[in-house]
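> Listed here are the chains, written in short residue letters.
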Amino acid sequence: MDRKIRILVAKPGLDGHDRGAKVVARALRDAGFEVIYTGIRQTPDMIAEAALQEDVDVVGLSILSGAHMALVPKVREALTTAGLEDVPLLLGGIVPDEDIPVLHQMGVRGVFGPGTPTGVIVDFIHNELREPL
Amino acid sequence: MPDLSTASGLVAALNEGNRRALARVISHIENNDALAQPLLAALYPQAGAAHLIGVTGAPGTGKSTLVNGMALAFRQQGLTVGIVAVDPTSPFSGGALLGDRVRMRDLAGDPGIFIRSMATRGSLGGLAQTTADVVMTLDAAGFARVIIETVGVGQSEVEIASTAHTTIVVEAPGLGDEVQAIKAGILEIADIFAVNKADREGADRTVMALQMMLALGGTGHQQILHHGRMLPVDLPPAPPADGWTPPIHKTVATQNQGIAALVEAIEAHRGYLQHSGLRQTRDRLRAATELRMILRDLLLQRTLAAIPAADIAALVHAVAAREIDPYSAAQRLVARTTS
Amino acid sequence: MSLFAADPLDQIRRERARWEEETRRQRPERQQAFITTSSTPVRRLYTPLDVADLDYGRDLGLPGEYPYTRGVHHTMYRGKLWTMRMFAGFGSAEETNQRYKYLLAEGNMGLSVAFDMPTLYGYDSDAPEALGEFGKCGVAISSLADMEILFDGIPMGEVSTSMTINSPAAILWAMYIAAAEKQGYPRGQLRGTIQNDILKEYIAQKEFLFPPAPSMRLVADTIEFGSQELPQWNTISISGYHIREAGSTAVQELAFTLADGFAYVEAALERGLAIDDFAPRLSFFFNAHNDLFEEIAKFRAARRIWAKAMREHYGAQDPRSWLLRTHAQTAGVSLTAQQPDNNIVRVAIQALAAVLGGTQSLHTNSMDEALALPSEKAVTIALRTQQILAHESGVANTIDPLAGSYYVEQLTEQMEAEANAYFRRIAAFGGVLPAIEAGFFQREIAEAAYRYQMEIDTGARTIVGVNDFVAAEPIAIPILQMDPAGYDRQIARLQRLRAGRDNVAVQKALAALADCARGPDNLMPPILDAVKAYATLGEITDVFRHVFGIYHEPVHF
Ligand SMILES: Nc1nc2c(ncn2[C@@H]2O[C@H](COP(=O)(O)OP(=O)(O)OP(=O)(O)O)[C@@H](O)[C@H]2O)c(=O)[nH]1
Ligand SMILES: [Mg+2]
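Chains as they are written, first to last, in this note's numbering: chain A, -12 to 120; chain B, 20 to 358; chain C, 2 to 558.
Simulated from the structure, these hints should not be mistaken for lab results.
Possibly wrong hints are sitting among the right ones.
[As the list claims (entries may be wrong)] Computed list of chain C residues with no C-beta within reach of chain A, every gap over 12 Å:
(1) Arg44
(2) Thr48
(3) Glu66
(4) Glu134
(5) Glu393
(6) Tyr423
(7) Arg452
(8) Met483
(9) Glu554
[To be verified] Taking CB as the label site, the calculated pair distances span:
(10) C:Phe430 x B:Met227: 20 to 28 Å
(11) A:His91 x C:Gly460: 29 to 37 Å
(12) B:Asp125 x C:Lys183: 37 to 45 Å
(13) A:Asp84 x B:Glu283: 57 to 65 Å
(14) C:Asp319 x B:Glu283: 40 to 48 Å
(15) C:Val505 x B:Asp125: 31 to 39 Å
(16) B:Arg219 x A:Gln92: 45 to 53 Å
(17) B:Gly79 x C:Ser406: 37 to 45 Å
Cβ coordinates follow ideal geometry from the N, Cα and C atoms, glycine included.
Working from the sequences, and respecting the hints, build out all of it.
This is the structure we're talking about:
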């Protein structure tokens, strides 16, 4: 057995601030994950297609523009259409408290705000994937 | 709802064009888990129709961008394309950052395309074998062309590229005159050269350097096929030595220039392999290589399973202490499994 | 040198060695190593030995004189304080117009426009790509009609306006010019700045649209047009701010920004412009981060490097061409979501650095800026911070007060040397554009950003409230408060506009623009024509997208 956790890191929407996404992608690599990085300006359909083809265990989104409440449902919808309703979605960005429960309902398992140590994200993914496996 | 938890369910779904099933099958093969063997067994007979194209070259020469352009060109001819992009696993963490998809944005949303990123993983069975199995899966799934991108550094990457039917070595004009493929020792495996970034200064010099090398007879696919310990293979008569001279194509992948000619050359090479009987030769050689590698693995596994670990460890110590040579030690182990 | 009097430095050297030895042996320090915000090691002590090569006349000079290390003006803040310019914009043009009037009433000396994401990317508010982004990070401007509302009741010929806009800079600038002319001001009288710095978009901020070559042409067109028709306008603000925000070190910010500056100079020279005709209108924009001395040294080094290059390398004769005039903004990335009140203090330190560094204008971030649209109260505190620095702290009373500090002078020299080393590496790629394509800048920045994050994660670097001195309070991120009717109003206005304008004239203007884009002529006149015909931002940008193509970046970690 040579099982590796595969995770897609994508930035939907327009904002190009990829510092966080890149730092997290590297930290995940250094934690032993296989990270498929798709870069900026990804449409929800592109994200779902990549998640499907790459058979990832987790999809991580980075949204810093404040457009998460519009973008996340679109990504979730695209994932569901692709038959990936069971793939956990994580969100990094600036998310007001009020939005978090709504995002959870949309199927976002973890929300990581500014200043989150990368180790917290790594641990979260390990925990998240432990039970169903 | 197809059952994607069993090998038969996965194969059935894959044959119906279920892309998630295809993605899952690839994961099972990559993970080399319990389903891998039955899946490979079921899919192997289905494969064989695809033309396999290896694309290799130094980092950053524009391989992914070229693959993007080539795939678009194939699509225009109505051919479906599977792509396997291989990137190295970090030796420190075992993780990997796979970024080739970024350069293949133009292929998004096309159901005639399937892109899979793979990390080298340093897996026991050998990277070449795993990649070959993944490529075989895309072949079995019905993709007419399967393109394999690997970074041209290291022996296993070279091996992967050389298992394709048509191998393209990508060069780009660098700062000096040097042809990077020479440094990497991958010149010999080229069926076609692409000198990419031809919009940059120095492209003509790179072309000339390659031409010179070809004139000196420094290349040719045959050499590499014959080394190694081979299984007995019946090969058709060898084609005339001057049957194929690797052409050199200048490309500007970012502007889609020269791609059509490159794809034409691939198709020409495909035709050449067919007419000359070389395709059959290569397929048989590949089968022999594959069988040999798998056999070796299997025998190794069997040996390891049959003999207590402590006994093996003791022999290892003895070899390290130079009390016995490794050849005799291996003989001893083999003798124990067969008796 | 006399045989009898020993070199005074020798004595310091001996004494210093003795002191170092004793100190190391007898007094332990609280850390193994001390580093700046940019991870540069800092020595225990700086003495004349560290600046032994400093030549006052050559390296520092006097304020307002070459090489301008001590400042670009003779009197600096004794003559005129820096311009307190607060960057603002959100929601619809109506809302932002109200905020501008408030800021002007509160003592702001210039306006600074933040555009929303769709505008920055050349999309109209109703484009599908604009989904969810309307008014989020700035004001939405989709046509001249919006620009007219944005400046309604504000005398455009009298204020100076800075616009943070890059890929579609020429279009928004044309809208500004057209709106001002409608107010009755001749364009020659307009003062302000467009950021228009496309290179740092490829390097750091990623808000690019077209491939580098046509993008550089647009920049050169604006520089040329400005030098002929708007002599008081800064046609480019060469920006290190975003490079730093993307995670670079201070030296990288300095070096990459100045390298970009040289690339623009060369593009304009290639266009056939004379250096002294455009160089005085080049302006800069730097980040002011936490590390006080490192930041001050950065500003000083920047002026010195630029002056030397402009005079010695590019042969500029007009002293105004040698000046590096700069805007500064405190570091958005340094603000924390945890204990946000602390951000007031961070901003004050950063603002102090910019002032001691001799900036010409300054935006101070609001304490909640990293989290949401700044509240009016937070904006006021940020502005008051500048006013306290200007009027109470005493730092504006004398010029370049830190000159002669062994540490600051040494850092200034060191940063200059390290920037020069970067210039050589960039030259080895064949210049800024090939280095961008090779991912050189992106890789260097990603490396620095990762190192910084790891320093925080491992506790090697302390961020108050984040990885030390943590409070048990939950992080409360305020929700964006925007007029919910703004979006509907904007969409309705756009639809009315498209229905009500002379669409034949619009199509003609767009066709003329496309023709011009395919040829070599300056694009500003046909852009102005299209804008005045009320072609929308999206329509005009689409012409360029079509003719120039769109750019995808290489990704590097
Ligand atoms: N000027 C120029 N740049 C090109 C060309 N083709 C690719 N590039 C650029 O070269 C860089 C690397 O391209 P990739 O396609 O990622 O190269 P690669 O060989 O797949 O890279 P690795 O997978 O990292 O080894 C990108 O910035 C491309 O835009 C070309 O024909 N001309
Ligand atoms: Mg690649």
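> Please go over all the hints and tell whether each is borne out by the structure.
Now the hints, each set against the structure:
1. Against chain A, the non-interface label of Arg44 (chain C) holds: every CB pair exceeds 12 Å, the least being about 29 Å.
2. No Cβ of chain A approaches the Cβ of Thr48 (chain C) within 12 Å, the least distance being about 38 Å, so the stated non-interface status holds.
3. Distance check for Glu66 (chain C) against chain A: the nearest CB is about 39 Å away, which clears 12 Å, and the non-interface claim stands.
4. Some Cβ of chain A comes within 12 Å of the Cβ of Glu134 (chain C); the nearest lies about 5 Å off, and the non-interface call is violated.
5. Against the 12 Å criterion, Glu393 (chain C) stays outside the reach of chain A, whose nearest CB is about 32 Å from its own CB.
6. Separation of Tyr423 (chain C) from chain A is adequate, the least Cβ-Cβ distance of about 20 Å exceeding the 12 Å criterion.
7. Its beta-carbon lying about 10 Å from the closest one in chain A, Arg452 (chain C) breaks the requirement of being farther than 12 Å from that chain.
8. Not every beta carbon of chain A lies more than 12 Å from that of Met483 (chain C), the smallest distance being close to 10 Å; the non-interface claim is violated.
9. At the 12 Å boundary, the C-beta of Glu554 (chain C) falls inside the reach of chain A, the nearest C-beta of that chain being 7 Å off.
10. For Phe430 (chain C) paired with Met227 (chain B), a C-beta distance near 23 Å keeps the hint of 20 to 28 Å intact.
11. One distance hint, 29 to 37 Å for the beta-carbon pair His91 (chain A) and Gly460 (chain C), holds here, with the actual separation near 31 Å.
12. In this structure the supplied range 37 to 45 Å holds for Asp125 (chain B) paired with Lys183 (chain C), their Cβ-Cβ distance being about 43 Å.
13. A hinted range of 57 to 65 Å for the beta carbons of Asp84 (chain A) and Glu283 (chain B) is consistent with their spacing of about 59 Å.
14. Restraint check, Asp319 (chain C) to Glu283 (chain B): a C-beta distance of roughly 57 Å breaks the suggested window 40 to 48 Å.
15. Distance hint check for Val505 (chain C) and Asp125 (chain B): the Cβ-Cβ separation is about 35 Å, which falls inside the suggested range of 31 to 39 Å.
16. One distance hint, 45 to 53 Å for the beta-carbon pair Arg219 (chain B) and Gln92 (chain A), holds here, with the actual separation near 52 Å.
17. For the hinted restraint 37 to 45 Å between Gly79 (chain B) and Ser406 (chain C), the CB-CB distance of approximately 44 Å keeps it satisfied.
Checked against the numbered hints given earlier, this structure breaks hints 4, 7, 8, 9, 14; the rest are met.
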